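Could you slot chain F onto chain R? The hints should help.
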Amino acid sequence: MADTIALSRRNFIVGAGATGLTIGILASCSQTTPEADAPDFSDLPPNPEVNAWVHIDHDDTVTVRIARSEMGQGTLTGLAQLVADELDADWDKVTTVYPTPGESLARERVWKDFATGGSQGVRGSQEYMREGAAAAKAMLIEAAANEWGVSAADCSSANSVITGPDGQTTTYGKVANAAAQLAPPLEVTVKDPSEWKIIGQPKQRLDTADKLIGKQVYGADFTMEGMLNASIKQAPKIGASLKSFDASAVENMPGVKKVVAVRNPFGEGNNAVAVIADTWWQANKALDALPVEWEGGVDFSTAEFEAELEDGLTADEAFIGNGGGDVAAAFENAAQIVEATYNMPLQNHACMEPMNTTALYTEDRCEVWCPTQNGEAALGAVADASGLPVEQCDVHKIHLGGGFGRRAMPDYVHLSVILAMEMPGTPIKLLWTREESMKHGYFHPTTKGRVRGALDADGNLTGVHMRISGQSILAALMPQFLQNGTDYATFQGLLPPGVDPRLEDQTLKYTLPNLLIDHAMRNPPVRPGFWRGVNLNQNAIYLECFMDEMAHAAGRDPLEFRMAHLQDSPEAAAVLQAVADKSGWGQDDGKARGLCVMYGFGAYVAACAEVTVSDDGELSIDRIVAATDPGYAVNPQQIEAQVEGSFVYGLSAMLYGEITYENGEVQERNFDTYDSMRIAAMPEVETIIMPSGGFWGGVGEPTIAVAAPAVLNAIFAATGKRVRQLPLKDQNLRDV
Amino acid sequence: MATLKINGETVTVDVDDDTPLLWAIREQVGLTGTKYGCGIAQCGTCTIHIDGSPVRSCVYPVGALTGEEEITTIEGLSEDASHPVQEAWAELDIPQCGYCQPGMIMAVAGMLNDTPNPTDEDIDAQITNICRCGTLARVRKGIKLAVEKA
Chain R
1 MADTIALSRR
11 NFIVGAGATG
21 LTIGILASCS
31 QTTPEADAPD
41 FSDLPPNPEV
51 NAWVHIDHDD
61 TVTVRIARSE
71 MGQGTLTGLA
81 QLVADELDAD
91 WDKVTTVYPT
101 PGESLARERV
111 WKDFATGGSQ
121 GVRGSQEYMR
131 EGAAAAKAML
141 IEAAANEWGV
151 SAADCSSANS
161 VITGPDGQTT
171 TYGKVANAAA
181 QLAPPLEVTV
191 KDPSEWKIIG
201 QPKQRLDTAD
211 KLIGKQVYGA
221 DFTMEGMLNA
231 SIKQAPKIGA
241 SLKSFDASAV
251 ENMPGVKKVV
261 AVRNPFGEGN
271 NAVAVIADTW
281 WQANKALDAL
291 PVEWEGGVDF
301 STAEFEAELE
311 DGLTADEAFI
321 GNGGGDVAAA
331 FENAAQIVEA
341 TYNMPLQNHA
351 CMEPMNTTAL
361 YTEDRCEVWC
371 PTQNGEAALG
381 AVADASGLPV
391 EQCDVHKIHL
401 GGGFGRRAMP
411 DYVHLSVILA
421 MEMPGTPIKL
431 LWTREESMKH
441 GYFHPTTKGR
451 VRGALDADGN
461 LTGVHMRISG
471 QSILAALMPQ
481 FLQNGTDYAT
491 FQGLLPPGVD
501 PRLEDQTLKY
511 TLPNLLIDHA
521 MRNPPVRPGF
531 WRGVNLNQNA
541 IYLECFMDEM
551 AHAAGRDPLE
561 FRMAHLQDSP
571 EAAAVLQAVA
581 DKSGWGQDDG
591 KARGLCVMYG
601 FGAYVAACAE
611 VTVSDDGELS
621 IDRIVAATDP
631 GYAVNPQQIE
641 AQVEGSFVYG
651 LSAMLYGEIT
661 YENGEVQERN
671 FDTYDSMRIA
681 AMPEVETIIM
691 PSGGFWGGVG
701 EPTIAVAAPA
711 VLNAIFAATG
721 KRVRQLPLKD
731 QNLRDV
Chain F
1 MATLKINGET
11 VTVDVDDDTP
21 LLWAIREQVG
31 LTGTKYGCGI
41 AQCGTCTIHI
51 DGSPVRSCVY
61 PVGALTGEEE
71 ITTIEGLSED
81 ASHPVQEAWA
91 ELDIPQCGYC
101 QPGMIMAVAG
111 MLNDTPNPTD
121 EDIDAQITNI
131 CRCGTLARVR
141 KGIKLAVEKA
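As they're listed, the protein sequences go chains R and F.
For the first sequence, the numbering used here gives the first residue as 1, with consecutive numbering after it.
For the second sequence, the numbering used here gives the first residue as 1, with consecutive numbering after it.
Pulled out of the complex, with its shape left as it was, chain F reads as follows:
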């Protein structure tokens, strides 16, 4: 049993402590916007925020949480797709298949929490998510547009 504060609500999940947060979110809380892509923190499709910082939830055990942390998933990033990153993504029509995009959006939003005006070098260092459809050129433009909108 563990208590999670997720998108502003407190929920209790009945899982072993070693269950990755990803699977607690998807299978216990029922929020499937956060995706499974690799399970080894390589691709970033599972990126969420813990207290505003991006975290790859596929390797983050539920047992490492105290219950006090504020967890944010793509469903809780904004109420109406109005986060600057989501607005920039809509304007540039970034998603293709879109499977990696919840993680991509959360990684970018998390970066902007700490680094509101990222340089290209910051982007290169901090955005390491994989996108096989290849939205990466537009993602860089989208980050810059989101900075303008913020």
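Isolated chain R (complex conformation):
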């Protein structure tokens, strides 16, 4: 079998591609440095791969091929742990590499889906990767058994060493070549969780060492021989076009090579302008000095759209996401009706690394080097933009300086290719400014939620109607997934089972009588996107702040009130009870606490927040207790880091996050006007990881959703005031 991956522990190596330009980029996760007395294998030809997932060097280095992207969530390390465990490999000699989407296509998509989102990195890959590793192990053992003339069944493996029936031993590196010649086993059995040795261990991430010394290369750092740099300005107003620009004003500035109008398929005709120069600083300085005029566009404003969202809250027509019983009768017969309206503004992903891609175009080949959450979507963008057959294109992935869903969209890849086509044969790195990345995002959709609840005279919940009004991601980006016009993804965390196989991991775990949850779709001319947690984030606010409101209206304890509706989900009840117990819920100690429990991305999560609010309305978030049951915990310390980090990302949105439009232009420019939580505001987070086994849930996203509701409920406990409008930044919490 052809071994098409460039294998070396250096970061970049030029290999033998069709044009001599193929460059394999390693995920640079090597833990090992060569020892001085290490045996010399340089006279041996390199080992072929054992199979698509596993390559083993003569020195026993195991290289795991991984299609999913590393953007901080720890997926590479987690998947390497799965493979190493199943392979019985020496963990200290495990490293990872990204195959390219082009190589995968050429091998009938052997590496399967490259998309890295929906908290699918580990749970969506674990089965085929563990099976791949188990197959590789079987082949390695068979190769050793053949060499010894013994039965494979009489051999055992541990730490990359195979031991035969008479105590003879060999290493994986020595038999890898022979193993590669064998037919793969027809059937493999993966280990029972009770046999795991590496899975479940709090291993250090494989990429940590490089990230402490500035050695980790991100897309923005990538460089290659002869590369030029570019900065771009896209039409600031939605739908506007480039009217004119005066290149002569900047053409003689230092380093400037070319000033170009860019045909942007994501806007109207030519709607961007870019400067290509020797260095990025020169390109950006010239771009800033370039006289540009725009024309046309949409006069969209956030304030005007608020009225449409309001209208949707009471509109007659809405798509039903979940419902049962007789809601009208429940409200007719109610002793008490509670009603509240909440909102979720547009949010920018604000990845720390601004958007970028390096592209090299020639008339018969186009390749890009980029941080992407979806290598195959990026490959599609390269082919689309270049007009070349997909077989003549490829994408070399680089670790992401944050993704959060933004880098699932390939618009920035597309623009880079269009720019590279201006100078065939010259690699060009297009790096967006922070301001461009802020204005031209795919924002978290904006919705409002109005929830009405009916209580009987005994304080029992007898009916709920939740109306969601607002933006649909699927309508904008994937209309093929709408079902009779309904965007079920809008109802993340609120769905009944059986609606859509892709959303079985996003169902409502409360048992609620007489329920209606519906969606009045109101789409602004603003492109929405998948933002870490996606619709679970606002739905958790609508559901869990309202459960809190109803518990108080009923004169019941918010923990007890929730538990009364979790009888059908012991896992959800367990995470909620865990945070209540650890946080000191119910203690008469004067602490203001708030709870939240949700199910999303196949995991059960809960949080209890503890806050103080000063007399003049200043919020201090003092402590968070969080619990997560993701089924299996592949790397508990990494899960803890993701859970802790979810409070930074989720609470930053609650405190500061809001993209607003006036006259069709985004008003936020940079981190001065779109702030993010600093360490002074960061609470202590105590994380309880309680994997109950039997299912594979996600980690990177679900906890985002419980961050804001827990804090908002704690604010009520502190002040007696309900904060229902986000973000909090300009509000006095004692005067809302």
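Think of the hints as simulated: they come from the structure by calculation, not from any bench.
Certain hints may be false.
[What the hints assert, rightly or not] No more than 20 Å apart at the CA atoms, straight line, and that leaves these computed lysine to aspartate or glutamate pairs for DMTMM-like:
| # | chain 1 | residue 1 | chain 2 | residue 2 |
| --- | --- | --- | --- | --- |
| 1 | R | Lys191 | R | Glu131 |
| 2 | F | Lys141 | F | Asp124 |
| 3 | F | Lys144 | R | Glu684 |
| 4 | R | Lys243 | R | Glu436 |
| 5 | F | Lys144 | R | Glu686 |
| 6 | R | Lys243 | R | Glu293 |
| 7 | F | Lys141 | R | Glu684 |
| 8 | R | Lys215 | F | Glu79 |
| 9 | F | Lys141 | R | Glu686 |
| 10 | R | Lys215 | F | Glu75 |
| 11 | R | Lys258 | R | Glu422 |
| 12 | R | Lys591 | R | Glu618 |
| 13 | R | Lys215 | F | Glu91 |
| 14 | R | Lys215 | F | Asp80 |
| 15 | F | Lys141 | R | Asp622 |
| 16 | R | Lys174 | R | Glu142 |
| 17 | R | Lys257 | F | Asp16 |
| 18 | R | Lys215 | F | Glu9 |
| 19 | R | Lys729 | F | Asp124 |
| 20 | F | Lys144 | R | Asp622 |
| 21 | R | Lys591 | R | Glu686 |
| 22 | R | Lys257 | F | Asp14 |
| 23 | R | Lys582 | R | Asp557 |
Just so you know, these numbers come straight off a predicted model, no measurement behind them.
Chain F in isolation, oriented as in the chain R frame:
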């Protein structure tokens, strides 16, 4: 033309005086550990040391340097990741995506140069870097561990 003393070596860079030190370091010297995040001294990913003090290099013009200053980047903080901050960061496995971490590490190391035993209030006041993956809880623990290791 400007002369920089960077990580113990003297280098000459051919840039306009108004070029931010960040871009001279990244594009002329070729040290890319120092990152661009905002360009307006808000996020701190570009933090380096000038004579041991943390500086946000994205707004520090090369022309403001005399050539005598000792500039330190993440690549020069230690020879083998042995600075107490780097060791603490490794022990607690702090980086997630890691893009902000060179700046975070340099900001913390710079703070510890002046304030070897920082209080929580010192940390709150002096460490204002942004981390979107959310390593902030571990960063505070890491600072305290680095103090122990120093």
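Index of numbered hints that the structure contradicts, given in increasing order: none
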